[in-house]
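Hey, can you work out the whole structure from these sequences and the hints?
2 protein chains.
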Amino acid sequence: MERGTQPVIKARVHVGLKAGVLDPQGKAVEHSLHALGFAGVHGVRTAKSFDLVLDETDPGKARTTVEAMCQQLLANTVIETYRIDIEG
Amino acid sequence: MERGTQPVIKARVHVGLKAGVLDPQGKAVEHSLHALGFAGVHGVRTAKSFDLVLDETDPGKARTTVEAMCQQLLANTVIETYRIDIEG
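Order-wise, the sequence lines are chains F and R. Residue 151 is where the first sequence starts when you use our numbering, and the numbers rise one by one after that. Residue 151 is where the second sequence starts when you use our numbering, and the numbers rise one by one after that.
Hint data in this document are derived by calculation from the structure and do not stem from the laboratory. Be a bit skeptical, because a hint or two may be false.
If the Cβ cut is set under 10 Å, some of the chain F residues that face chain R in the computed set are [as the list claims (entries may be wrong)]:
no., residue
1, H164
2, G166
3, G170
4, V179
5, L183
6, L186
7, H192
8, R195
9, S199
10, L202
11, L204
12, A218
13, Q222
C-beta: ideal position from N, C-alpha, C; glycine also.
Given below as structure tokens:
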């Protein structure tokens with residue numbers, strides 16, 4: 151993939167709460183769904199994802215860089231897990 | 151899949167901003183990454199997902215129900231798009 155003339159790599163980071171960690175947002179969504187009449191739904195868990203474009207040509211280097219981004223910013227590794235998808 | 155003795159269906163809803171809609175959170179993450187020294191990253195876009203467990207046996211009915219949940223609560227269809235994955 152190119153941005154202008156420079157090759158780039160796309161990455162997606164999926165960040166979710168570790169099993170067993172309370173998900174207040176998920177609970178709130180679940181209660182709202184019940185209030186809207188959706189009775190048969192439970193176990194609502196929320197997660198987030200980040201799409202990134204990296205000025206990089208080597209998928210391995212891209213993964214290492216995104217790994218560092220996760221450790222430093224994108225995920226709170228105490229309560230969250232993350233998964234990195236590298237395109238290309 | 152069973153919950154106790156009752157069959158359930160798992161669904162995942164991916165909700166993201168429509169193309170062209172400004173993503174302030176993505177911009178904030180991008181600036182933070184640059185401040186941490188990750189210069190070669192841009193176009194950061196954020197998205198969210200919901201994992202749901204439905205007391206349902208028919209995947210078609212499950213999809214219809216989750217579609218209604220998206221329209222009523224899970225997605226702001228003015229600025230967001232959503233994709234529904236039904237397990238099973």
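Violations among the numbered hints: The structure breaks only hint 3.
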